[in-house]
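Here are the chains, one letter per residue:
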Amino acid sequence: MFNVENIRKDFPILSRTVNGKPLVYFDNAATSQTPKPVIDAIVDYYSNYNANIHRGVHTLSQEATDLYEQARQKIQSHFNAKFSHEIIFTSGTTHGINLVAHGFSSLIKKDDEIIVSALEHHSNIVPWQMLCERTGAILKVIPMNEDGELVMAKYDELLSNNTKLVFVNHVSNALGTINPIEYIIDEAHKVGAAVLIDGAQSSPHIKANVQDLDVDFYVASAHKMCGPTGVGMLYGKEEWLKKLPPYQGGGEMIAEVTFEKTTYADLPHKFEAGTPNIAGGIVFGAAIDYMNAIGLEAIASYENELLEYANEKLLQIEGLKIYGTSKNKTSVISFNLEGIHPYDIGTILDKLGIAVRTGHHCAQPIMDYYKIPGTVRASFSFYNTKKEIDLLVEGVKKAKMMLS
Amino acid sequence: MSIDEIQEEIIDEFSMFEDWEERYQYMIDLGKELPLIDDQYKTESNIIKGCQSKVWVHAEMKDDKVEFTADSDAIITKGIIAILIRVFSNQHPKDIIDADTSFIDKIGLKEHLSPTRANGLVSMVKQLKMYAIAYQTQLN
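Taken in sequence, the protein lines are chains A and P.
For the first sequence, the positions run 756 to 1159 when the numbering used here is used.
For the second sequence, the positions run 12 to 151 when the numbering used here is used.
Honestly, the hints are just simulated from the structure, not real lab data.
Relax, there's no trap hidden among the hints.
Below 16 Å or equal to it, Euclidean Cα-Cα: the simulated EDC-like pairs (lysine to aspartate or glutamate) are:
1) A:Lys992 / A:Asp1021
2) A:Lys1155 / P:Asp40
3) A:Lys776 / P:Asp30
Please model the complete structure; the sequences and the hints are all you need to start from.
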């Protein structure tokens, strides 16, 4: 049974104060907080298993390797990949995207087309612009509408036999819109294009089943899923990962090296050059265990309740406008108060112990669409409460009073 | 008044406030007092980009003293700018170059001048000093 008061006890940071007030943490879309079992897993690794992996004959190295590979299997099972070697450990979502973009350099030629969406984070735009600069390929953009949804009719028009790759985030970081990735994937496959989905914002709320989706690549970050920073995962279909050239050269990723020729290791090691973030990978597995023990469905359902509650309460404030009003969204509310800069609101809220994100959320094209410098973004997680939302509403009212 | 005297005066003013709310309300009120800069100087080249709030700075030399005007699109940032202008404007370039900004700590606004704060203020202070250095070079 989902019990938020019990869950909150798992998160030590939630009992600290900020500026003399109890912390209200509503910046979950930037990074999630870390529960005790995950913190314990970090301590456990360094206290009992720390060793380099995949090469030692000694027991410690073998145990660390086993734990690391078990974590890979946990991730495989969580996202329902067919093989564990389809899961590549990365340093995070951005790394995964760059790995794929780099790999496509050799598969894409002049005048080929890459489709991205208007709802993307900068890290989802720049690697493709760089790829286009390198190859002469053309970048096309699926536009958005006033509700912050992608316009699928326009997507249909953009798709052609020239489309080689489609890249969309599963959930928009700035607005929380859940994009219709099933449709996007199916339509792309009809013209023979590969699809990469950025699951950074969706993975804390939605369990993606990569086989059912038939997606070619899917990326996520551990730190948005109650795990540590600096580690993430790239799922790639075996056939695609075999086709892509290695991203970085180094130890671990080779089979044989002579000065004449090097042969590369099999998947997944081909893409994991050097000593990886061993602790990070293992603890990522612990974070997935933690979230699954609560259950992503229970999490999403409770977060949806928080979203509806906050929506209703915030909209009662005169002059408050919410950006991103799709019916399909995660627990993110991006808003502004008429005539007030989001930075000022964020500053006052911080003084009240309330952590929100302000600014353009690294998604300037979305802000340009709405013709605003940025928004205040409150993002809720399963360890937040309605009482905390009340504090946010009071805080916004206070900010409004002080600033206008 | 010298830069030090103005800073002392500001510290005195702020010491009367009892909590953050009074301090911030004062800054917000300062920020609302217009104009801090002539519109013709709110140009792209005068912008200091601070990721979240924009800051514009303009400098002119009058009677061997530097006159600064500035603005921001965020009101709290603008309030702090008003304080910085009060300290640094109409001073000799050399005095501006030598001045420190530790008074900001003493009035409880330290976090706004942290180098990692994305509000453009740290770059603004650097920019004020750069102008002063440029004018000092002219005087030499």
